[in-house]
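We have chain W; now place chain B onto it with these hints.
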Amino acid sequence: MNRRMDPTLVSLAAALPVLLVLGYALPDWLTFYLQVSLASGLAALAVMLQMRAGLVNFGQGLYYCLGAYAGGMSGHFLGITDALVLLLLAVVLSVAVSFIVGFLVARYREIFYAMLSLALSMILYGLLVRAEALGSTDGFNLPSTTFLGYAPEGQALREAGYVFTCIVALAIAAAVHRYLRSPLGAIGEAVRENELRVEYLGASPRYVVHLIYVMAAAIAGIGGVLAGISVGHVDPNLAYWTTSGQFVFIALLSGTGNVAAPLIGAFLLVMIRVYAVEYSPYTWQMILGGVMLLIIMFLPGGLWSLTRLRKKGGLT
Amino acid sequence: MLTYVAIVLDGLVYASWLFMVSVGLTLIYGVMKILNIAHGSLYAIGAYTAASLVGAYFSAGYVPVLSFAVLVGAALAAGLVCGLVIERGVLRFMYGQDEVLMILVTYAIFLILEDLIKVFWGVSPYFAFQPYGMLGNFDVMGLPYAGYDFLLMGLAGLTGLGVWWSINRTRTGHLLTAVIHDREMSTAMGVNVKRVYTVTFVIGATLAALGGAFTAPKISVTPGIGVEVIVLAFAVVVIGGLGSIGGAMIGALLVGILRAAAVHLLPEVELFVIYAVMALVLAFRPYGLFAAPEARKI
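Chains as they are written, first to last, in my numbering: chain W, 1 to 316; chain B, 1001 to 1298.
Bound-form chain W, shown alone (with noise of 0.2 Å):
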């Protein structure tokens, strides 16, 4: 053995039986919320991949929802229900729209970037709340998931659904560590270093940030058909900036340094929403406000950067 293990996949790895572990332990409601909080967690961790590289993307919510309706209008108007075809259907989706969009995004950086995509995700908004088909602002509701033919229900279903979302989420975790750490992925960082000398050097920062863009796409297309799943129910204010900005500020909170950073961001998220919901429903947005304040100010690797401060002793 001439190589270490990478910590991060080993830890991914031993996350799974844990999770799967707690889904057992922990009372129904605390598992649901972890599996709502890995779905859009996923769409974090896109926002993340694209921050590594530099480019702050407010309109994420457009593919979290593009894979959201995929899914459920596959399930809603073919019948098909089950859970990897969706699945499959939600990325191939989100794929294709990305790669077509990606032309005209992947020529803007900085706020251009941030607004085009933001606005291209209001367009969706503005086409689904007007889709009286499909619900108009109510969206509508999804069929039962069905697991490789099995079909279980009540309990059992939750429970499969919890499972189901645990290993995709985990296994794209892995898969986007893995890319970070070839040499494709070291690339996006160098874009966000200095794009002219990525460019001297003979790579394509276009062909580049156009693979971000799709890449990001088709895991928040993930993340969305989850969601779908673990609710039951799409609507368009998945599309809707708002949605987006949280995954920017999951992103932003739990820093670039790490996959696992923004699901544990996007579950510190929801917990939080929970409890201030119930003790202080007007200012829990606030809270959250101040904190960004906080972070972008004395800690700007996020979150995550206090475990590299603890690596090198720089806090005691």
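Please keep in mind that the hints were generated in silico from the structure rather than gathered at the bench.
Where hints are given, some of them may not hold.
Listed below are the simulated DMTMM-like cross-link pairs for lysine to aspartate or glutamate, each with C-alpha atoms no more than 25 Å apart in a straight line [unchecked claim]: (1) 1218/B to 1184/B; (2) 1033/B to 1182/B; (3) 1033/B to 278/W; (4) 1033/B to 110/W; (5) 1033/B to 193/W; (6) 1118/B to 1099/B; (7) 1033/B to 1184/B; (8) 1194/B to 1184/B; (9) 1033/B to 1139/B; (10) 1033/B to 1228/B; (11) 1118/B to 278/W; (12) 1118/B to 1228/B.
Just chain B now, kept in the frame of chain W:
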């Protein structure tokens, strides 16, 4: 024929409203390079201040005509207080940061303001309908239009003219132009850039509040009105070119007329059309219709 008259008139009414709510945004970006997401909240705060002041004014039984002055006063008060607090309290510590990071900063401010509004005014709707009915109705080729809408049009024109005049024809405006073009050089020449930033932000905030204050009589003021406004203002400003006052006017007219056309001819695409225009303009003119492209820096 009548439909087209309606489209043009509705479009103009909507365009003047759009211009009112987006001119502050483009001004702040032009000078400070900050894309202010909290702009929508400032608009909402203006609307709330106006609604509660107008309500108090009418229940006290003063002269009704002067309620328009109350609207302006409400906007000035809201803009001055919020603008100063935000700029002095938060933004000044962030100058020199990345433009993208500034979006996140103003997004955090937006989250804070949205809840502050709920804490201050609660969640039940406010009404300030009295000024709206005071100017009566006009008939344009048989179509009834509220006099208040024409007042809005005039106000938008006046605001545009005022901003243009102060930038192009006054000493302060020339200093502002200098700061826009080269911040460091103007500091070296003795311009107090910090004060220029503070004043610009306060004026931008006041313009947002003014837009809100004059919208208040037309709507019921409820939580969340600012969330919608900010994306509309973005669309208008991006179409015209970030930082260009004339661009905001053209953007507002374009979006206003197109939306009115959509409402009358094809109601299904009403919201879609606004953002589609924005995406289309960006596809061909990345910096908007009226902004000069910037050279890449090594």
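Between residue 1033/B and residue 278/W, does the CA-CA distance stay at or below 25 Å? The hint is violated at about 39 Å.
Are the Cα positions of residue 1033/B and residue 1139/B separated by 25 Å at most? Measuring from Cα to Cα gives roughly 44 Å; hence the hint is violated.
Between the alpha carbons of residue 1033/B and residue 193/W, is the straight-line distance 25 Å or under? holds (21 Å)
Decide if the proposed pair is consistent with the structure: residue 1033/B and residue 1182/B, CA atoms, cutoff 25 Å inclusive. Answer holds: residue 1033/B to residue 1182/B is near 12 Å, not above 25 Å.
Can the restraint linking residue 1118/B and residue 1228/B be considered satisfied, given a maximum Cα separation of 25 Å? holds (16 Å)
25 Å Cα cutoff - pair residue 1218/B, residue 1184/B: Violated. Residue 1218/B to residue 1184/B sits at ~44 Å, over the 25 Å cutoff.
Take a quick look at whether residue 1118/B and residue 278/W sit within 25 Å of each other, Cα to Cα. Roughly 16 Å between the alpha carbons, so the hint for residue 1118/B and residue 278/W holds.
Quick one, are residue 1033/B and residue 1184/B close enough, alpha carbons at most 25 Å? holds (14 Å)
Hinted pair, alpha-carbon criterion (25 Å max): residue 1118/B, residue 1099/B. Please report holds or violated. violated (29 Å)
Residue 1033/B and residue 110/W were given as a pair; does the straight-line alpha-carbon distance stay at or below 25 Å? holds (12 Å)
Between residue 1194/B and residue 1184/B, does the CA-CA distance stay at or below 25 Å? holds (12 Å)
Just to be careful, I want the Cα atoms of residue 1033/B and residue 1228/B compared with a cutoff of 25 Å; is the pair within it? Answer holds: residue 1033/B to residue 1228/B is near 22 Å, not above 25 Å.
Hint check: violations occur at hints 1, 3, 6 and 9; the rest are consistent with the structure.
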